[in-house]
Amino acid sequence: MSNNFATPLSAEQLETFRLLTNSLNEVQLAWMSGYLSALTAQNGVPVSLPVKNENINASAIDPITILYGSRTGNGKEVAMKAEKMVTEFGLSATLKSMDEYKLRDLQSEKNLLVIVSTHGEGEPPFAAKELHEFIFGKRAPKLDHVKFAVLALGDSSYLQFCQTGKDFDLQLEKLGAKRLAQMVSCDVDFQDTADQWLRVTLPTFAIATGGKIIDSTDAVIDTSAAQNYSKKNPYYAELLEKINLHGRGSERQTLHIELEADLSFEPGDSAGIIPVNSSELVNEVLSVTGLNPEELIEIKNSKISLFDSLLQEFELSKITVDVLKRYLEFAPNEKLAAIYQSQEKLQEYLFGRDIADLFSDFPTKLSAQELINLLRPLQPRLYSIASSPKANPGELHLAVGVVEYQNGGRIRLGTCSSYLSEFDGNENKIPVFIEKNPNFRLPQNDETPIIMVGAGTGIAPYRAFVQHREQSAKRGKSWLLFGNRNFETEFLYQTDWQKFMKSGALSKMDVAFSRDTDKRVYVQHKLEENAAEVYRWLEEGAHFYICGDMKKMATDVQNTLVSIVENQGTMSKDKATEYVNKLQKEKRLQLDVY
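Start counting the sequence shown at 1; every next residue gets the next number (our numbering).
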């Protein structure tokens, strides 16, 4: 801290303050910020720190409204944990998903805890979209009487890391709300950071109102989930069968994989597979860095060889924004800095390159420990489950597109798809866990019609859907629209769909094979051809599902759906957009896109 910094503190106070703040981590700083904010709010009257075994009078403090906006369910998980902790602190809370929250209630809030994720490149998840638009709109109320804190969930490999959380945090302050704690951005391994932030943030709501609460270190966090299989505690599944779904002559490969898995899941859920890197890629990284593969390094308080750590612990097959930023700080380079500062150049550089490329393109001398400190932890890969537990008890099926391409004179492989492709199952088992997807579910009533649109491996959850419905005594109509490149070689699960059509589990099927015709035909074109019937099904209460590519296919299908409603319902485009938005709000339009 500069000596020229204007401060009312004495030299001794300033030095004490500097030493204290320099010793704190992000979450501890957030707590201190909240405490000081609460102190200021009380005009300097000393506030009570949490006192062990001294319960507060909950009725004297306004309830904390916990709002969460989440796509995968992680936000809901944290929000439910927050609600439990609030109760254990002796406070009261109201838990609400943002898509069920009445916007007019915002102006009546006193204490607001926001937990929100970011989808893709800076977009709010659908559940948070309406509230996000509202607080940035002309009708947003003044919130001078509101105290708030924001917990942001995201993935630091994206350029706009935790952007939605940042949006809420800054805009609530602009509307006059009083921030009780600094926002914390949680990465993909969010649990520990979120837990610690909740422990130190929730008490500030009571402190700001003059209350005393139970010491936060005594609050019990529910750890029952830890007893179930999870990313940190995976189930080790035996490989039962592996089949290439593509016909002869196909340049690509999609694997049907069957695992023995005594796991609880529902159609629409995903399986998280924990892979390892290829030995070839590990050796390429070691070669370009010149490091000794047998050198021992320290990870998680244990010693492991550099080779094994690169094989099992770190992302090597792609360069992410956070890694590039750390590398630039470690080894400044003008050319790399110019790439990092230009979003267009950055995206172009990151595409198709791996860690070996980074060290080859911008070489520097570094130690083994410095290397692993720069890298990102190896993350599980999520695959939509392609089977129903009713139809295949004790099993879990996946459709995995194998990623392989050439770039810069080297063959590049997808980390998990190549791991599964080469896995023989003779000695080891595959670590797997279930990632719940509450926003991609079959209707509760089996007789409700469903329309399923997907391309490529986006067909996987629909196999689970139809298998599940086939087990029902009464089932509604079901319609599948599937797209891929070629009929002969890439009609995934063709014999299954034929059987489902024969049994009546699948009522109607339309296919689009883009490379079989002079003019490219995609699934949205099949929707247009059947516009009247699509609209009729929707009017009958059908649920509409989209699974697959987020950037192109999903957008095109949604735009086509709006066009169908506009033309078939004889309404304006604005009204048609409202109609489709209402479908999504009512969970009759659901997306699983990536």
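These are computed hints drawn from the structure, not numbers from a lab.
Certain hints may be false.
[As the list claims (entries may be wrong)] With beta-carbon atoms standing in for the labels, derived distance ranges:
1. K142 - K429: 54 to 62 Å
2. S342 - K499: 24 to 32 Å
3. D516 - T495: 18 to 26 Å
4. N445 - G394: 54 to 62 Å
5. L170 - D262: 42 to 50 Å
[As the list claims (entries may be wrong)] With a straight-line cut-off of 27 Å between C-alpha atoms, the simulated DSSO-like cross-links for lysine-lysine are:
6. K76 - K582
7. K166 - K110
8. K365 - K390
9. K232 - K242
10. K575 - K551
11. K84 - K96
12. K325 - K551
13. K526 - K552
14. K552 - K502
15. K429 - K242
16. K318 - K303
17. K81 - K318
18. K390 - K499
19. K81 - K96
20. K429 - K232
21. K474 - K231
22. K499 - K519
23. K526 - K499
24. K474 - K345
25. K231 - K138
26. K232 - K102
27. K138 - K102
28. K231 - K318
29. K429 - K318
30. K84 - K138
31. K174 - K110
32. K96 - K110
33. K502 - K519
34. K573 - K587
35. K474 - K519
36. K335 - K303
37. K345 - K300
38. K318 - K477
39. K232 - K76
In this text, a Cβ means the ideal position worked out from N, Cα and C, and glycines have one as well.
Right, here's what the structure says about each hint:
At roughly 58 Å, the beta-carbon separation of K142 and K429 lies within the given 54 to 62 Å, and the hint holds. Judged by the Cβ atoms, the range 24 to 32 Å given for S342 and K499 is violated: they are separated by roughly 52 Å. In this structure the hint that D516 and T495 lie 18 to 26 Å apart at CB holds, the actual value being about 19 Å. For the hinted restraint 54 to 62 Å between N445 and G394, the CB-CB distance of approximately 27 Å leaves it violated.
A beta carbon spacing of about 46 Å between L170 and D262 agrees with the range 42 to 50 Å that was offered as a hint. Between K76 and K582 the CA atoms are separated by roughly 22 Å; this keeps the pair inside 27 Å, and the hint holds. Only pairs whose Cα atoms come within 27 Å are accepted, and K166 paired with K110 is accepted, the gap being roughly 21 Å. Restraint check for K365 and K390: not satisfied, since their Cα atoms lie roughly 56 Å apart, outside the 27 Å limit.
For the suggested pair K232 and K242, the alpha carbons sit about 26 Å apart, so the restraint of at most 27 Å is met. Under the criterion of a C-alpha separation no larger than 27 Å, the hint pairing K575 with K551 is consistent with the structure, at around 24 Å. Our distance criterion of 27 Å between C-alpha atoms is met by K84 and K96, whose separation comes to about 14 Å. Between K325 and K551 the CA atoms are separated by roughly 25 Å; this keeps the pair inside 27 Å, and the hint holds.
For a cut-off of 27 Å, the pair hint linking K526 to K552 stands: about 16 Å separates their Cα positions. Of the supplied pair hints, the one linking K552 and K502 is violated, its CA atoms being roughly 33 Å apart against a limit of 27 Å. Between K429 and K242, the direct Cα distance comes to roughly 14 Å. Compliance with the 27 Å bound is thereby established for this hinted pair. For the hint pairing K318 with K303, the CA-to-CA distance comes to about 25 Å; that is within 27 Å, so the pair holds.
For a cut-off of 27 Å, the pair hint linking K81 to K318 is broken: about 33 Å separates their Cα positions. For the hint linking K390 to K499, the alpha-carbon distance of about 17 Å falls within 27 Å, and the restraint holds. For the suggested pair K81 and K96, the alpha carbons sit about 13 Å apart, so the restraint of at most 27 Å is met. For a cut-off of 27 Å, the pair hint linking K429 to K232 stands: about 16 Å separates their Cα positions.
Distance check on the hinted pair: K474 and K231 sit about 37 Å apart at the alpha-carbon level, beyond 27 Å; violated. Proposed proximity of K499 and K519 is contradicted: the alpha carbons are some 30 Å apart, above 27 Å. Restraint check for K526 and K499: satisfied, since their Cα atoms lie roughly 22 Å apart, inside the 27 Å limit. At roughly 55 Å between alpha-carbon atoms, K474 and K345 are farther apart than 27 Å, so this suggested pair is violated.
Of the pairs offered as hints, the one joining K231 and K138 is violated, with about 43 Å between alpha carbons and a cut-off of 27 Å exceeded. For the hint linking K232 to K102, the alpha-carbon distance of about 37 Å lies beyond 27 Å, and the restraint is violated. Annotation: proposed proximity of K138 to K102 holds, straight-line Cα distance about 17 Å (limit 27 Å). Distance check on the hinted pair: K231 and K318 sit about 21 Å apart at the alpha-carbon level, within 27 Å; holds.
With a C-alpha separation of about 25 Å, the suggested pairing of K429 with K318 holds against the 27 Å cut-off. The straight-line distance between the Cα atoms of K84 and K138 is roughly 35 Å, outside the 27 Å bound, and the hint therefore fails. Our distance criterion of 27 Å between C-alpha atoms is met by K174 and K110, whose separation comes to about 16 Å. A hinted pair counts as satisfied when its Cα atoms are at most 27 Å apart, and K96 with K110 qualifies at roughly 15 Å.
Under the criterion of a C-alpha separation no larger than 27 Å, the hint pairing K502 with K519 is inconsistent with the structure, at around 31 Å. For the proposed pair K573 and K587, the alpha carbon gap of about 21 Å is at most 27 Å, so the pair holds. Between the alpha carbons of K474 and K519 the distance comes to roughly 40 Å, so the proposed pair goes past 27 Å and is violated. Restraint check: the Cα-Cα separation between K335 and K303 comes to about 36 Å, which exceeds 27 Å; the hinted pair is violated.
Proposed proximity of K345 and K300 is contradicted: the alpha carbons are some 35 Å apart, above 27 Å. For the given pair, K318 sits about 43 Å from K477 by alpha-carbon distance, which is inconsistent with the 27 Å threshold. Distance check on the hinted pair: K232 and K76 sit about 19 Å apart at the alpha-carbon level, within 27 Å; holds.
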